[in-house]
Amino acid sequence: MIGAAAGPRWQGRLGLGLLLAPAVLWLGALIVLPHVDLAVLSLRERVGPRHYVASLAQYRTFFTEPLYWRVFVRTAVMSLLATFLTLLLAFPIAWIIAKLARGRWSSLLFILCLIPFWVSETVRTLGWMILLRESGVLPSLLVKLGITRTPVELLYHDATIMVGLIYTSLLFMVIPLVSSLESLDNALIEAAYDLGAGGPTVLRTIVIPHAAPGITAGCIVVFMLTLGNYITPTLLGGKDSQWFTEQIYNEFIVRFNWEQGAAFGFLLLALSTAMVIVGLKLAGQRFGDVMRRT
Amino acid sequence: MSTADLLADAVCKRFGAHLAVDSLSFSVERGSFFSILGPSGCGKTTLLRMIAGFIAPDSGDISIGGASMRGVAPNRRPVNMVFQQLALFPMMSVGENVEFGLARRGLARAERTRRSHAMLERVGLGGAAGKRVDELSGGQRQRVAIARSLVLEPALLLLDEPLGALDLKLREHMKIELKQLQAAFGTTFVYITHDQSEALVLSDQVGVMSHGRFEQLGTPQDLYYRPRTPFVAAFVGANNRIVGRVTSLDRACVELTTADGWAVRAAAQGSVAVGDPVEGFVRPEIVSLARAPAELPAGHPVHAGEVESLLFDGANSAVLLKEERTRREFRIALPQTGRFSDLKPREKVLFSFDPERAACFPARPGAAGLDDSRGRP
Chain A
1 MIGAAAGPRW
11 QGRLGLGLLL
21 APAVLWLGAL
31 IVLPHVDLAV
41 LSLRERVGPR
51 HYVASLAQYR
61 TFFTEPLYWR
71 VFVRTAVMSL
81 LATFLTLLLA
91 FPIAWIIAKL
101 ARGRWSSLLF
111 ILCLIPFWVS
121 ETVRTLGWMI
131 LLRESGVLPS
141 LLVKLGITRT
151 PVELLYHDAT
161 IMVGLIYTSL
171 LFMVIPLVSS
181 LESLDNALIE
191 AAYDLGAGGP
201 TVLRTIVIPH
211 AAPGITAGCI
221 VVFMLTLGNY
231 ITPTLLGGKD
241 SQWFTEQIYN
251 EFIVRFNWEQ
261 GAAFGFLLLA
271 LSTAMVIVGL
281 KLAGQRFGDV
291 MRRT
Chain B
1 MSTADLLADA
11 VCKRFGAHLA
21 VDSLSFSVER
31 GSFFSILGPS
41 GCGKTTLLRM
51 IAGFIAPDSG
61 DISIGGASMR
71 GVAPNRRPVN
81 MVFQQLALFP
91 MMSVGENVEF
101 GLARRGLARA
111 ERTRRSHAML
121 ERVGLGGAAG
131 KRVDELSGGQ
141 RQRVAIARSL
151 VLEPALLLLD
161 EPLGALDLKL
171 REHMKIELKQ
181 LQAAFGTTFV
191 YITHDQSEAL
201 VLSDQVGVMS
211 HGRFEQLGTP
221 QDLYYRPRTP
231 FVAAFVGANN
241 RIVGRVTSLD
251 RACVELTTAD
261 GWAVRAAAQG
271 SVAVGDPVEG
281 FVRPEIVSLA
291 RAPAELPAGH
301 PVHAGEVESL
311 LFDGANSAVL
321 LKEERTRREF
331 RIALPQTGRF
341 SDLKPREKVL
351 FSFDPERAAC
361 FPARPGAAGL
371 DDSRGRP
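Protein sequences appear in the order of chains A and B. According to our numbering, the residues represented by the first sequence are 1 to 294, in order. According to our numbering, the residues represented by the second sequence are 1 to 377, in order.
Treat the hints loosely; a few may be bogus.
Stated by the list, open to error - Not everything, but these chain B residues come out facing chain A in the computed CB check (under 8 Å): (1) F54; (2) N80; (3) F83; (4) Q85; (5) A87; (6) M91; (7) F100; (8) R104; (9) R148.
If you're looking for bench data, these hints aren't it; they were derived computationally from the structure. Beta carbons are placed, not taken as given, at the ideal position from N, Cα and C, and that holds for glycine.
Generate coordinates for the entire structure from the input sequences, incorporating the hints supplied.
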């Protein structure tokens with residue numbers, strides 16, 4: 001862009017093109033091309049050794065085999081619930097960081113939210129396993145305290161998956177919430193009190209409408225992260241976790257059925273896109289405005 | 001007093017070691033316009049926030065309309081506030097802003113709309129109810145902020161420097177509008193400002209505040225013509241301040257002499273004795289200017305000076321002089337007849353003033369300029 005104003009127009013265009021080139025190459029080579037290939041894969045059927053024909057059989061399997069779409073719906077519902085619970089948990093944290101804590105305290109709290117991300121997700125999840133498995137820290141503590149007579153297995157429950165997902169997502173909800181709450185003028189809150197509103201009314205009429213783009217942004221990010229998460233549901237939920245990403249993994253790696261795996265991948269993409277569109281409609285937000293807030 | 005809408009009784013507020021409001025007592029009569037005037041950091045915002053209920057006083061009590069406000073939350077007080085930055089709700093339309101308080105009182109939608117429209121009509125914004133807040137001009141927003149409070153018919157309207165964010169022209173205009181609104185509604189206004197002209201133009205009563213206390217409480221005329229402390233004399237209106245020690249005393253007048261030997265006469269306020277450090281104040285408009293001694297009123301001490309600069313400002317034009325011997329700055333208002341509009345810098349002139357109309361106070365502890373060789377206009 002430097003010199004773009006002075007030089008002829010094509011020079012400016014060239015400068016802009018060069019600046020965008022790395023990102024465009026990256027997107028094209030690593031995201032668009034593989035997806036085109038996957039789309040082609042998902043739309044064909046193996047009829048004999050090295051013999052394929054175009055067909056919708058992969059997608060048909062998804063709808064005719066109840067296991068697949070049940071896992072699909074379960075993943076969507078659990079992800080929605082995890083997003084909602086993350087929002088409930090993150091809102092007070094964000095409120096404290098943005099409005100109540102002063103100076104150093106506010107950054108300290110922020111760092112506390114960030115610290116878990118210094119460890120890789122796999123190691124973090126294995127840490128949870130050490131804490132929660134039958135011979136782990138928490139069950140033996142429960143026995144010592146006399147709450148349970150024998151150690152209980154805390155792993156491999158839906159609630160355990162939920163705890164792990166919320167833990168992983170919290171930061172991605174806190175960040176957009178803090179930035180949208182920080183921009184809320186305290187005088188607006190005081191003015192609402194002054195005009196006779198109580199706490200819940202201020203929250204409903206002033207705080208939430210103001211923070212709506214931040215809430216929407218956080219929910220979109222957390223929902224997508226949760227829906228596409230593989231490690232956490234697999235490790236904490238075990239064999240019965242029934243997460244849709246696990247199905248995709250199985251098709252590709254275990255059963256070597258790439259065509260089926262590719263079709264599942266596209267179904268997941270369609271699901272997350274549809275959910276985001278519905279979410280934006282419900283919140284009355286526009287995607288561009290929301291993304292500017294993150 | 002039964003007609004007092006606001007009564008403060010020995011109100012104190014301390015922030016750490018800083019005493020923001022120092023056992024303040026005053027009352028504001030129903031339907032009057034009361035201003036609290038003071039420099040930033042004098043505690044006026046703290047006082048206002050205590051009246052609104054956002055801060056609780058450490059000791060003392062505030063009553064509004066005869067009822068003590070101790071332990072009453074801001075949303076339960078018969079008081080509404082116009083905030084410095086107005087704090088209109090950007091997520092709502094103008095009409096919804098005005099209806100906000102009515103909705104909190106549980107009024108039906110139709111009644112809310114009727115009242116908010118009527119109120120917007122009264123402040124000259126009929127038909128603006130459907131607009132967004134950011135579609136309005138600064139002056140219109142101001143009126144929405146006032147309408148939003150007045151529609152609740154509060155016993156007391158608090159205004160926290162609401163004109164501070166406006167440009168000069170609009171500020172002058174809104175000053176007049178505020179005064180007219182207050183007269184039309186008859187609501188008691190408590191207005192805080194650091195702008196003395198706002199306080200003087202608008203108020204029935206003004207409390208001049210400094211370091212958490214009222215230096216003086218009175219009508220604007222009292223503050224201007226009969227200041228009781230050197231702080232008020234220096235803060236309200238333009239004044240020439242002359243610091244020195246008393247060299248002689250007769251009846252009500254003292255002669256004060258500056259460190260570099262300029263002797264000026266002024267009426268003593270409070271008890272002063274020969275040798276005491278004092279501060280004298282001479283308003284620019286009580287000083288007569290002349291080119292020859294015969295042109296000056298007889299019987300007043302005559303001083304000589306040299307024109308430094310002419311400060312032309314229409315009806316508020318003034319000339320800045322240097323006293324001939326000490327080179328101290330002295331400001332004199334120019335007569336509106338335009339008689340001295342031809343003054344040139346470095347021209348020698350004579351000036352005098354009636355010592356009875358100049359005031360001389362015992363110097364404040366730590367007052368600047370006592371041993372300084374230069375005065376301040």
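The hints, checked one at a time:
A hinted interface residue such as F54 of chain B counts as satisfied when its beta carbon comes closer than 8 Å to some beta carbon of chain A; here the least separation is about 6 Å, so the hint holds. With its C-beta approaching chain A no nearer than about 6 Å, N80 of chain B sits inside the 8 Å limit, and its interface hint holds. The interface hint given for F83 of chain B holds, since its Cβ lies 5 Å from the closest Cβ of chain A, which is under the 8 Å cut-off. A distance limit of 8 Å between C-beta atoms decides the matter here; for Q85 of chain B the minimum to chain A is near 6 Å, and the interface restraint holds.
Checking A87 of chain B against chain A by beta carbon gives a least distance of about 4 Å; that is within 8 Å, so the hint holds. Taking 8 Å as the C-beta contact cut-off toward chain A, the hint placing M91 of chain B at the interface holds, the least distance being around 4 Å. For F100 of chain B, the suggested interface contact is upheld, since its CB lies about 5 Å from the closest CB of chain A, less than 8 Å. A cut of 8 Å between beta carbons decides the hint on R104 of chain B: the least distance to chain A is about 4 Å, and the hint holds.
Look at R148 of chain B: its Cβ gets to within about 7 Å of chain A, closer than 8 Å, so that hint holds up.
The structure agrees with every numbered hint stated previously.
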